[in-house]
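Colleague: Residues per chain are reported as follows:
There are 4 protein chains.
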Amino acid sequence: MLVRLIDSMSTTEPLAEVFSDDSVLRAMLDFEAALARAEAKFKIIPAAAARAIAQAAHPEDFDVAALARQTLRAGTPGIPLVKALRQKVAERDSAAADFVHWGATSQDVADTALVLLLRKAAAFMNADLSRLQSVLLRLARQHKNTVMLGRTLLQPAPPVTFGLKAAGWLGSVRRGHARFNHALSEASVLQLGGASGTLAALGKRGIEIGEEVAKRLGLSYPDAPWHSHRDRLANVVCACGILTGSLGKMARDISLLMQSEVGEAAEQGGSGRGGSSTMPQKRNPIGATLALAAANRVPGLTAAFLSQMVQEHERAAGGWQAEWATIADLVQSTGVAVASMAEAAEGLTVNEKRMSANIKSRRGTVFAEKATLLLSRKIGREAAHRLLEQATDPAQERDGTLSELLQQMPDLRDLIDKEVLRKLEDSEDYLGVAREFADRLSGSGPTRPHRKK
Amino acid sequence: MLVRLIDSMSTTEPLAEVFSDDSVLRAMLDFEAALARAEAKFKIIPAAAARAIAQAAHPEDFDVAALARQTLRAGTPGIPLVKALRQKVAERDSAAADFVHWGATSQDVADTALVLLLRKAAAFMNADLSRLQSVLLRLARQHKNTVMLGRTLLQPAPPVTFGLKAAGWLGSVRRGHARFNHALSEASVLQLGGASGTLAALGKRGIEIGEEVAKRLGLSYPDAPWHSHRDRLANVVCACGILTGSLGKMARDISLLMQSEVGEAAEQGGSGRGGSSTMPQKRNPIGATLALAAANRVPGLTAAFLSQMVQEHERAAGGWQAEWATIADLVQSTGVAVASMAEAAEGLTVNEKRMSANIKSRRGTVFAEKATLLLSRKIGREAAHRLLEQATDPAQERDGTLSELLQQMPDLRDLIDKEVLRKLEDSEDYLGVAREFADRLSGSGPTRPHRKK
Amino acid sequence: MLVRLIDSMSTTEPLAEVFSDDSVLRAMLDFEAALARAEAKFKIIPAAAARAIAQAAHPEDFDVAALARQTLRAGTPGIPLVKALRQKVAERDSAAADFVHWGATSQDVADTALVLLLRKAAAFMNADLSRLQSVLLRLARQHKNTVMLGRTLLQPAPPVTFGLKAAGWLGSVRRGHARFNHALSEASVLQLGGASGTLAALGKRGIEIGEEVAKRLGLSYPDAPWHSHRDRLANVVCACGILTGSLGKMARDISLLMQSEVGEAAEQGGSGRGGSSTMPQKRNPIGATLALAAANRVPGLTAAFLSQMVQEHERAAGGWQAEWATIADLVQSTGVAVASMAEAAEGLTVNEKRMSANIKSRRGTVFAEKATLLLSRKIGREAAHRLLEQATDPAQERDGTLSELLQQMPDLRDLIDKEVLRKLEDSEDYLGVAREFADRLSGSGPTRPHRKK
Amino acid sequence: MLVRLIDSMSTTEPLAEVFSDDSVLRAMLDFEAALARAEAKFKIIPAAAARAIAQAAHPEDFDVAALARQTLRAGTPGIPLVKALRQKVAERDSAAADFVHWGATSQDVADTALVLLLRKAAAFMNADLSRLQSVLLRLARQHKNTVMLGRTLLQPAPPVTFGLKAAGWLGSVRRGHARFNHALSEASVLQLGGASGTLAALGKRGIEIGEEVAKRLGLSYPDAPWHSHRDRLANVVCACGILTGSLGKMARDISLLMQSEVGEAAEQGGSGRGGSSTMPQKRNPIGATLALAAANRVPGLTAAFLSQMVQEHERAAGGWQAEWATIADLVQSTGVAVASMAEAAEGLTVNEKRMSANIKSRRGTVFAEKATLLLSRKIGREAAHRLLEQATDPAQERDGTLSELLQQMPDLRDLIDKEVLRKLEDSEDYLGVAREFADRLSGSGPTRPHRKK
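Protein chains in written order, with my numbering: chain G, 1 to 453; chain D, 1 to 453; chain S, 1 to 453; chain R, 1 to 453.
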């Protein structure tokens with residue numbers, strides 16, 4: 001029962017597993033085992049004690065429900081965890097029990113466990129992010145020449161290509177993925193400071209021991225403990241926030257394209273997805289919906305984390321105690337956005353016919369800017385803009401297209417070349433550098449991002 | 001395993017139970033049973049079908065883990081729930097199964113279940129809030145005359161009473177409790193709208209049926225369904241946000257008073273609370289810490305909910321799908337703040353000796369305002385303020401108290417009456433209407449709150 | 001230059017005036033004048049001093065730029081304000097200058113000024129809110145029978161009426177307005193506490209003086225000063241947050257209806273509104289856009305305020321110093337949402353033809369739920385749902401409407417009465433109690449909101 | 001009047017200037033001038049027109065108040081700006097006016113102007129950040145051996161050095177500064193996309209022209225326009241959020257150290273800073289207070305920006321219109337935090353005597369962990385912990401120090417070496433690797449941050 005019903009639209013199964021009791025407990029025990037081994041190596045505790053501790057550090061033997069209850073009492077998971085582990089160790093080797101958690105403090109195990117969990121979560125997210133980027137790259141290339149309406153403020157604008165739209169999604173997801181990986185790598189550092197962050201209980205060998213613990217856990221060793229400096233975690237949190245924002249943008253676009261009145265793209269339904277409890281005709285944009293739900297949820301969680309950064313002295317009263325739940329919520333919401341958009345993109349149906357029809361149905365009005373620029377050179381910009389405003393006034397439901405209307409205006413007939421007027425509503429003729437931009441975003445053209453001239 | 005380890009500092013056991021799978025499922029099934037009963041009453045569905053549905057609507061028979069998984073696929077808990085309930089009913093009465101969820105939509109069951117859960121949660125929170133207010137009232141009365149330093153911007157200021165401080169906490173908790181109850185009562189309304197919110201599938205009797213469902217569930221019947229109008233829920237969310245802010249303020253005060261250098265109040269330790277994994281001397285402000293953690297977490301969750309209010313047309317794509325997790329998180333965090341402060345207040349030790357000593361240790365400087373006012377009438381305000389700034393300059397570590405220093409100033413000796421100077425540092429003489437304010441806040445004096453003149 | 005360019009999409013002219021230097025300064029000076037008058041009445045300060053203070057308390061004589069600069073240095077507007085006022089008073093009556101701000105503290109003037117500004121802002125917002133509600137009431141009545149597609153998750157659903165949609169907007173705006181007024185009234189209380197919140201400098205007459213000051217400023221007198229208890233302000237903030245969420249929902253609906261592919265409603269353009277710098281054909285949903293911008297902005301500002309509630313002891317270090325800017329931003333954003341939606345609603349064009357055509361274009365599929373319910377009674381729900389899913393599969397582009405398709409199915413022909421099938425796609429026949437709900441929301445029907453059975 | 005009174009605790013003078021009307025207008029005009037010049041270079045518009053445009057592009061000639069008012073009507077600053085610029089150009093050269101803003105769209109000028117303003121703001125922030133880091137480095141080195149109490153959950157813990165505390169601040173500010181610079185550099189890209197983001201109006205030379213515009217403005221040219229992809233800006237916003245969180249942590253520490261009961265550090269007062277309007281004795285932590293105010297405010301603004309990332313298609317309806325105000329608020333709040341902490345750090349007085357006295361006043365109890373570890377090896381951990389809990393029970397007000405008490409326990413006398421007991425309360429003997437950590441954070445030791453083993 002890893003996914004709880006109440007959270008069931010705000011997580012994925014693999015991520016629910018990452019933050020499950022078993023997984024959280026395992027991460028904490030891994031820290032304790034690694035600490036004991038490292039301390040034994042440097043003769044701080046007996047080798048036999050380290051062995052006994054490592055052997056006892058198995059989550060399945062623990063009463064996790066009791067641990068959770070005691071954590072609420074203690075205000076930290078470290079105290080009950082250490083107590084329970086001591087008991088388990090004592091069952092094997094009573095002398096060894098004394099060396100559990102030697103020289104460490106509660107926050108050392110809690111923070112390091114959190115970092116281990118983040119890395120575990122990231123593995124799943126990275127897989128989905130890679131999948132998503134592959135599909136978007138495919139869509140960008142496949143639809144390089146698929147022309148569709150541009151839409152600004154939800155109103156029709158000159159055409160773009162669907163390839164450019166997909167490439168735009170790809171670009172922001174790529175940048176977001178890079179930021180996430182960079183932030184995660186920066187945050188993948190051991191926390192080990194002892195009571196006050198000086199490792200006083202380990203004498204002069206604290207750093208060497210810390211380096212050994214980090215190595216055993218596959219983490220980097222930071223310049224110093226970070227018990228009340230949470231900026232590295234905040235950076236991971238923010239990277240999730242930005243990424244989810246980008247996925248939300250993509251999701252909004254898809255949900256809008258999927259409106260029956262627009263009909264230009266559709267998520268695939270399939271196994272349990274997209275139906276309605278009461279309306280058999282429904283094909284709902286479920287992937288987009290879940291990503292949008294995440295995009296609604298994550299900014300507030302990001303703010304919660306940033307608020308928690310104001311942490312007192314060597315350990316906060318209130319600042320870090322809310323971090324576990326906040327980060328777990330945020331990572332799971334980010335993960336559901338990534339997974340949903342990967343699935344949505346993979347199954348996306350693109351309806352080129354509707355795209356083309358939707359442009360046509362605008363009767364050339366979206367080329368009014370083009371006509372203005374043409375006419376500006378002849379009759380001045382202001383006159384041209386006013387003329388085109390009249391010609392495209394939606395209040396006047398005329399029959400013809402823009403070029404037909406313009407051709408009927410006696411004054412204009414001579415101003416614009418017939419051939420030019422004929423091509424006025426040719427989308428191909430008004431795509432500018434849409435394809436070049438798409439190529440650059442896709443990395444297939446001569447992309448030199450962030451060049452400084 | 002109701003409290004998960006990862007959430008264990010952000011919930012309480014009773015509230016974790018409220019949002020547990022069993023409880024959530026039960027709330028949804030209660031809705032389905034009440035709906036069927038009401039529809040049978042109005043002959044929309046056969047009475048036998050309603051009986052069968054009500055009999056099948058027991059959470060223990062369901063595979064909740066499967067429901068949670070399917071909810072993520074479906075983007076709504078309603079679809080898998082209805083499907084599973086139909087199967088359970090069909091096992092008893094295959095004809096009856098068709099009448100499950102008749103005329104309702106997914107969001108009807110999800111929203112109404114959420115309201116039922118909120119009321120269940122509120123029962124626990126109300127109990128803790130009442131406890132908290134009783135203790136604060138006791139503290140306010142008991143310490144009516146307990147004089148302590150006022151502190152502004154964390155610097156010493158003229159004295160207040162601890163009674164006034166407690167009464168101030170009480171006042172804001174009371175107002176917050178009233179707002180919470182009011183918001184909850186406003187939000188305790190049935191959601192029943194059917195596919196588009198018109199109850200079309202129930203013909204012309206939709207409202208009567210709705211009123212019957214509401215009655216059966218102990219809810220009010222609103223003017224109309226609120227599937228995409230979430231302001232009543234938002235009001236509950238905000239009431240939690242404000243209440244947690246007030247509790248956070250109280251918690252911060254306690255954590256500050258409990259600093260060893262201040263030592264004016266202390267939370268009780270006791271069973272599993274307040275200790276350290278490594279420091280035997282520690283008595284940590286755990287109640288305050290957990291409330292502060294909640295106060296860090298809840299504002300962001302409030303923002304998340306408010307962001308979700310922008311919901312499209314007759315059902316949102318993204319807006320409501322994140323509400324369950326967000327509200328559950330927020331209510332549990334609020335609940336942990338309430339419970340923690342109730343416990344902290346109940347066990348609070350007030351150290352009147354230290355309060356008195358801390359005032360003394362200021363050597364009268366906190367009465368500089370009083371001296372200024374006295375002197376202003378003699379030598380003018382500016383001269384008085386400047387003179388007192390010099391006399392109280394912390395950079396000059398003098399031995400005497402303020403009144404002693406003033407007495408030594410030859411120019412002043414004649415300006416201020418000796419008796420007055422003697423009483424300068426008498427806290428009792430400079431409490432203004434502290435006790436009257438405390439009484440008014442406590443409701444024991446002639447409180448006439450919000451009188452409009 | 002009241003509206004700054006950088007804020008020009010996040011305020012209105014009247015609200016920018018409310019929070020302008022002149023207005024802020026005036027509110028602070030009004031407090032100082034009222035305080036002096038009240039103190040003179042109770043013989044705390046000389047009547048002549050009070051007169052001189054009141055005479056000097058005119059914003060136009062002050063160097064506001066200097067005040068703003070000094071405020072940043074002082075960390076409070078009170079100190080430089082009082083200093084400047086003393087100078088102005090001294091120019092008239094040097095003895096009087098000493099009695100400026102007598103017994104009050106910086107936060108007294110800052111907080112009371114904020115309350116006065118909020119009331120001033122509310123006057124403008126109330127006017128717009130009333131306008132908005134009048135128009136929505138008119139729309140709800142006028143379009144009682146205007147049938148349009150319901151839309152859930154942005155997909156077609158059974159029909160609703162535009163009257164119900166407008167009534168839904170109205171209902172939430174009404175509730176929001178009521179909450180705002182209630183919160184504002186609760187917060188319209190004087191802040192007067194002196195250095196530590198005990199009014200020590202005013203001796204035993206603090207409360208009487210406070211009542212007099214409140215009376216002079218048109219405020220209520222609270223049970224006690226609220227210098228570090230900010231829940232009443234938080235309630236105003238939250239009421240703004242909820243209201244803006246409701247306006248954002250309305251704005252989203254309008255922006256979606258205004259899509260050219262949907263075309264069911266449109267904001268009016270007119271003087272400087274809705275155009276494009278480059279596209280002459282554009283009529284942009286500017287009102288909706290500005291309201292949506294506010295709805296994006298306000299939740300975070302709400303969170304910021306709630307975070308600031310954790311205020312230390314008798315005056316916060318950090319908590320209240322960010323309130324001015326936060327509340328001003330939030331109120332102005334709320335105000336722009338209200339004003340924009342009032343204007344948008346007033347000019348809203350409703351295109352009944354397109355509404356009707358959009359239903360038709362669904363070829364009856366939105367009545368699949370209705371058909372399912374009909375068929376369920378004959379062939380069982382599951383069979384019916386499956387059959388309708390096939391009949392309405394968007395993947396199969398068939399020519400006929402749903403009822404035509406059903407009529408062609410040999411098995412069904414005999415199951416459903418011809419007359420019934422004929423009426424299957426009659427929207428009028430499937431509106432349920434849409435009109436009753438709209439009436440109840442509009443208050444024209446037998447509304448008994450929040451009835452508890 | 002650059003700093004408004006209402007914002008006067010949430011900005012600095014230089015940053016208020018950056019976001020002043022004049023500066024904002026100048027940034028927009030710089031874009032238009034650079035665009036015209038680039039277009040002339042590529043023969044898109046006449047060279048004479050470009051010259052005329054560049055000559056007219058001077059803010060002092062414009063009616064900014066009118067622009068701000070019209071922006072609210074238009075929903076974008078671009079439209080009124082372009083209109084006004086055309087008028088100014090026409091006054092010089094009527095033919096040239098038509099070529100203003102050629103091929104660009106409103107958002108191009110608004111977004112690029114925002115980027116230019118961010119860079120201008122960053123220059124001021126960078127200067128303050130450098131100052132701050134210099135002082136912190138000095139403090140870290142200077143107080144390498146200044147021993148003080150560690151404090152966890154605001155309770156006494158084993159000693160640390162003030163050098164380590166300062167180095168911890170330094171480390172997080174350094175990382176934050178690096179993130180800010182990196183994000184800013186990534187975001188320093190031109191926005192130029194034209195109506196739909198394809199630069200259609202510029203034919204095939206859009207990219208070359210864009211590169212030229214970027215060069216002229218000192219910006220990089222991105223892979224593609226980013227009109228509805230806001231992740232680069234979001235990254236700047238988040239970097240500000242994280243940095244302000246770190247500064248808030250430092251500010252909280254200082255405000256706590258500055259409590260009169262602690263008295264270990266103090267901000268300098270000086271010109272207009274730190275006083276009280278009523279209490280002459282006050283020296284308030286104004287720098288810390290303003291930074292804490294910012295740290296309360298910025299997380300919500302960050303959330304607001306992230307919420308705005310969900311932007312529709314080729315231009316958002318609501319998403320970007322709130323960005324200007326949000327970013328300006330956030331950058332100014334971040335800036336005030338940086339400036340305040342730079343000033344606070346520069347003037348920080350460190351009171352080593354009080355640090356030492358505060359440790360002493362704990363009567364050795366903070367060395368209970370040390371004693372436990374010593375005793376654990378003799379009598380087992382549990383017994384040791386229990387014994388020390390008793391010995392350090394704050395409820396028992398004993399006279400002696402911990403080592404004295406332990407010496408009096410007959411059982412212990414023989415267990416611990418006298419010499420060891422004597423050194424029990426020697427802070428120097430229990431600092432672990434505090435100095436090494438401080439060195440690593442300060443970069444003076446063998447720092448190899450983020451080493452991966």
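Careful: at least some of the hints might be erroneous.
A pair holds if it fits inside one copy or across any two, identical chains being indistinguishable in the list.
[To be verified] Distance condition first, Cα-Cα at most 20 angstroms in a straight line; then the derived EDC-like pairs of lysine to aspartate or glutamate: (1) Lys360 / Glu91; (2) Lys360 / Glu261; (3) Lys83 / Glu389; (4) Lys41 / Glu17; (5) Lys360 / Asp429; (6) Lys41 / Asp429; (7) Lys353 / Glu261.
In short, the hints are calculated from the structure, not lab data.
Colleague: If any of the earlier hints don't hold here, list their numbers in rising order.
Modeller: 1, 4, 6
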